[in-house]
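Please build the complete structure, drawing on both the sequences and the hints.
Okay, here's what each chain looks like letter by letter:
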Amino acid sequence: MYISLSDRSGGKGEKPRGATTALSSEVPFRLSPVILWLGLVSMVTDVSSESVTAILPLYVTGFLGLSTIAFGFIDGINQGASAIVRIAAGWAADRSGHPKRIALAGYGLSMLARIGFLFAGGFWAVAAIVTGDRIGKGIRTAPRDALITVSAQPEHLARSFGVHRMLDNIGAAAGPMIAFLVLLMIPNGFSTVFVVSLAFAVIGVAVLGLVVPDMRADGLRGIEANSGAGQTAGSPKQRRRLFAFSWSHLREPGLGKLLISAGLLGLLTIGDGFIYLVLQDRDSFAVQWFPLLFVGTNIVFLAFAIPLGRLADRVGRVPVFVGGHIALLACYFLAAAPFGGLWSTVGCLILLGGFYAATDGVLAALASQLTPQGKLATGIASAQTVVALSRMTASAGFGVLWYAVGAPTAMVAAGALLACAVVAVVFILPGARPKLANE
Amino acid sequence: MSATFTGGRLRWGILLAVTAVVLAAAGIYAVGAYQRFEESRTAAPSVGVTAGQPLPDVPFVLFRNTAGGQGYGNAATVPLSAPGGTRAVSEQPCDRVYGTGSTVICLKTNRGLVTAFEAAVLNRDWQQQRAWPVPGIPSRTRISADGSMIATTVFVTGHSYATAGFSTATEINFTAAGSEGSGNLEDFALIINGERLQATDRNIWGVTFAPGQSDVFYATAASAGRIWLVRGSLSAKTLTAVHDNVECPSISPDGTRIAYKKNDAGPLTAHWKVALLDLATGQETVLAEKRSVDDQIEWLDNQNVLYGLADQNVPGDSNIWKLATDPASQPSLFIPHAWSPSVVRE
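Respectively, the protein sequence lines represent chains U and V. If you count by my numbering, then the first sequence holds residues 1 to 439, one letter each, in order. If you count by my numbering, then the second sequence holds residues 1001 to 1346, one letter each, in order.
Hints listed in this document are in silico derivations from the structure and should not be mistaken for laboratory results. Backbone N, C-alpha and C fix where the C-beta goes; we use that ideal spot for every residue, glycine too. A couple of the hints might just be wrong.
[As the list claims (entries may be wrong)] Covered stretches of chain V, as calculated for chain U (at least 3 residues, CB under 8 Å): (1) 1011-1019; (2) 1135-1144; (3) 1324-1338.
[To be verified] Partial chain V-side listing against chain U, Cβ under 7 Å, derived: (4) 1022; (5) 1023; (6) 1024; (7) 1026; (8) 1033; (9) 1034; (10) 1037; (11) 1126; (12) 1155; (13) 1316.
[Stated by the list, open to error] From chain U, some residues computed to sit far from chain V (all C-beta separations above 12 Å): (14) 27; (15) 30; (16) 36; (17) 97; (18) 170; (19) 188; (20) 194; (21) 264; (22) 282; (23) 307; (24) 315; (25) 412; (26) 424.
So, in structure tokens, the structure goes:
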């Protein structure tokens, strides 16, 4: 009745993850139920958070009668805080050896924040709740990805992340729809949206707490499931000595190069909002369809998450990660092109969704395959933090360029720089060339 | 199979129970909320109303009706002589309204799976003449005195993927169909101390049209945490800073003074006082209202201003308050259960 863990090969603990990864075709893919459950946890949690995110501006301005301008500041602060918390949570997950407990704390904090919405009145209450939710998200991401890594077959790591990201994005797409459906039925039914959101958050925490086993990030099986555990790489004593600041990972040759590459590419990843604005500006389609651009990107992301994960396992994760940025590059140029029209817009959304599908889960897979034993969550958190911070910088910088030289020129300039960065990354990252049948 | 997981059956039972309980609770809450909404929608209005009337003869006050019951959220009018009396409630739901004797601009939210926002021009029989989509949540709107120009400000909202955060979009459109509007005023040249500002993080909001001048308007401009009152020119496509820290300007009927909200706290802990600026002398007067006023102030006449304040105790309800321009004057309730006042004199 309970999930079987027998699909994880015992050999994983004996060699560094991914260093000598077998070709995916040699090992039949079996989806670990843990990953399915973690995907479901993310799905219901995303329904919970995205339903509130989608209606929050309407609630704050239209219902509470407050200005939203200050939320811009809060959001910026939160993103920075979330990035820092993420590394701390990754470290705590590695240090304790119980990533599930840290992830549970993160999901739990977000759930508690949702309870606050039922009583929220003023701006500060809403800001505090949103901050709590964001920090919860920062805490849970890396330990959860560490759990996915230890649950996945190493040969199918990217594909496993793809399964998780697909489920995650189904939730992200469904959340706003549920929220707007509630408001369509009950125009001022914000409290109903908050109650529904809380219900999904509780389900997410319950599934994580009750169904997902407490696995060790270094490959140790959970206490409840240790009957089938194979040889382990590090004794608890060793693990304890391995805690370190994330910066020390820069000294790990593989991960350091990945962090540098991801940071470099992140610095040239301008916010989606800018791409949508360019598309809207050029095609001057009705502004009411603006939200559909987000939805379109999301659907492409969830559709391609598994196929691109499979591809990454087959030809190598680095080529797919780099390839995703080439798709982004193409998206920039297509958006900046003087010709417009529906197909060009759809093409941009496919490229953008493809970019996320080829980079989001694949980055986590890459980071975990390059991270030494016992530092798994910290390694994943470091990579995700580098990407988040570099993209924040990119958005700010691109804003300046946008105004200075105009949208299409700025887009082409960002594309040209991204092309240079892609070429640089091909030289920095080992294994950038696709694997052929024989390595 | 569950041998490796002590108490597995129990855990599954708990999970099923938790899921069933929270889904049922949310469902019951939603059904209850829907029933309460249906009741309030069909309930008799909580204030005296008449329905199906065209715009009354001037002078009158146009506003958004927030009294519970039928007609909640719809545009409504009261004669200026009896603001607290029976209101004529239209069939048009509007988040923000503004008008002249013959034209009403109505910013509204069209709910749906893709929630959209729209600006609609209505005639004096509340019939829609023109409409165009606006890119966010309605915030402010104004019509020039002759009814030819319409200014709209909306909040463009972020999304979890878009890190740009919150910003405003402000446009000036012509009432007559077919004429090209100003586009987003963010694209106008912003001139501070004689120099053109290059920064991109600019926001423009809260347009007010100068009476009797077809090209001149005032608005708020913000960049890098600084806020200015700007004088705009439609023909030159410029915004020129004329004063600091003036938000949501509203020019008096005689064109000599600007009423605005002045933040006397930090950018995050905003507390807006009602203030007046004498355009000729540059002298500022802060009025006695102690509550934070987050609205574009409206002039009742040259000596009194009006503004909306959300009701702290009833979510979704608000009241319109009146305050004399004398700094010693205290606010008084002008129209209860109302929002977005527009005083129509001619």
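Status of the hints after comparison with the structure:
Check on the stretch 1011-1019 of chain V: 6 of its residues sit with their Cβ under 8 Å from a Cβ of chain U, so the three-residue criterion for coverage holds. For the stretch 1135-1144 of chain V, the stated coverage by chain U is satisfied: 5 residues place a CB nearer than 8 Å to a CB of that chain, which reaches the threshold of 3. A stretch counts as covered by a chain when three or more of its residues have a beta carbon under 8 Å from one of that chain; for the stretch 1324-1338 of chain V and chain U the count is 0, and the coverage is violated. Annotation: residue 1022 of chain V was flagged as interfacial toward chain U, and the flag holds, the nearest CB pair being 4 Å apart, inside 7 Å.
Interface restraint check: residue 1023 of chain V against chain U, minimum CB-CB distance 6 Å, threshold 7 Å, status holds. A least Cβ separation of about 9 Å between residue 1024 of chain V and chain U goes past the 7 Å threshold, and the interface hint is therefore violated. Taken as an interface hint, residue 1026 of chain V checks out: its beta carbon lies about 4 Å from the nearest beta carbon of chain U, inside 7 Å. Because the beta carbon of residue 1033 of chain V sits about 4 Å from the nearest beta carbon in chain U, less than 7 Å, this interface hint is met.
The closest approach between the C-beta of residue 1034 of chain V and any C-beta of chain U is roughly 5 Å, which is under the 7 Å cut-off, so the hint is satisfied. A distance limit of 7 Å between C-beta atoms decides the matter here; for residue 1037 of chain V the minimum to chain U is near 5 Å, and the interface restraint holds. About 20 Å separates the beta-carbon of residue 1126 of chain V from the nearest beta-carbon of chain U, more than 7 Å, and the hint is not met. For residue 1155 of chain V, the interface hint holds, since its Cβ comes within 7 Å of a Cβ in chain U; the closest pair sits about 5 Å apart.
Because the smallest distance between the Cβ of residue 1316 of chain V and any Cβ of chain U comes to about 5 Å, under 7 Å, the interface hint for this residue holds. Distance check for residue 27 of chain U against chain V: the nearest CB is about 23 Å away, which clears 12 Å, and the non-interface claim stands. No Cβ of chain V approaches the Cβ of residue 30 of chain U within 12 Å, the least distance being about 15 Å, so the stated non-interface status holds. The Cβ of residue 36 of chain U sits about 14 Å from the closest Cβ of chain V, beyond the 12 Å cut-off, so the non-interface label holds.
Look at residue 97 of chain U: its CB is around 19 Å from the nearest CB on chain V, clear of 12 Å, so calling it non-interface holds up. With 12 Å as the threshold on Cβ separation, the claim that residue 170 of chain U sits away from chain V holds: the shortest Cβ distance comes to roughly 15 Å. Some Cβ of chain V comes within 12 Å of the Cβ of residue 188 of chain U; the nearest lies about 5 Å off, and the non-interface call is violated. With a least beta-carbon separation of about 10 Å from chain V, residue 194 of chain U fails to lie farther than 12 Å from that chain, contradicting its non-interface assignment.
No Cβ of chain V approaches the Cβ of residue 264 of chain U within 12 Å, the least distance being about 19 Å, so the stated non-interface status holds. The beta carbon of residue 282 of chain U sits about 14 Å from the closest Cβ of chain V, which is more than 12 Å, so the claim that it is off the interface holds. Interface exclusion of residue 307 of chain U from chain V stands, the closest Cβ pair being 21 Å apart, more than 12 Å. Distance to chain V confirms residue 315 of chain U as a non-interface residue, since its nearest Cβ pair spans about 27 Å, more than 12 Å.
No Cβ of chain V comes within 12 Å of the Cβ of residue 412 of chain U; the nearest lies about 18 Å off, and the non-interface call holds. The beta carbon of residue 424 of chain U sits about 24 Å from the closest Cβ of chain V, which is more than 12 Å, so the claim that it is off the interface holds.
Hints 3, 6, 11, 19, 20, counting from the list given before, are not met by this structure.
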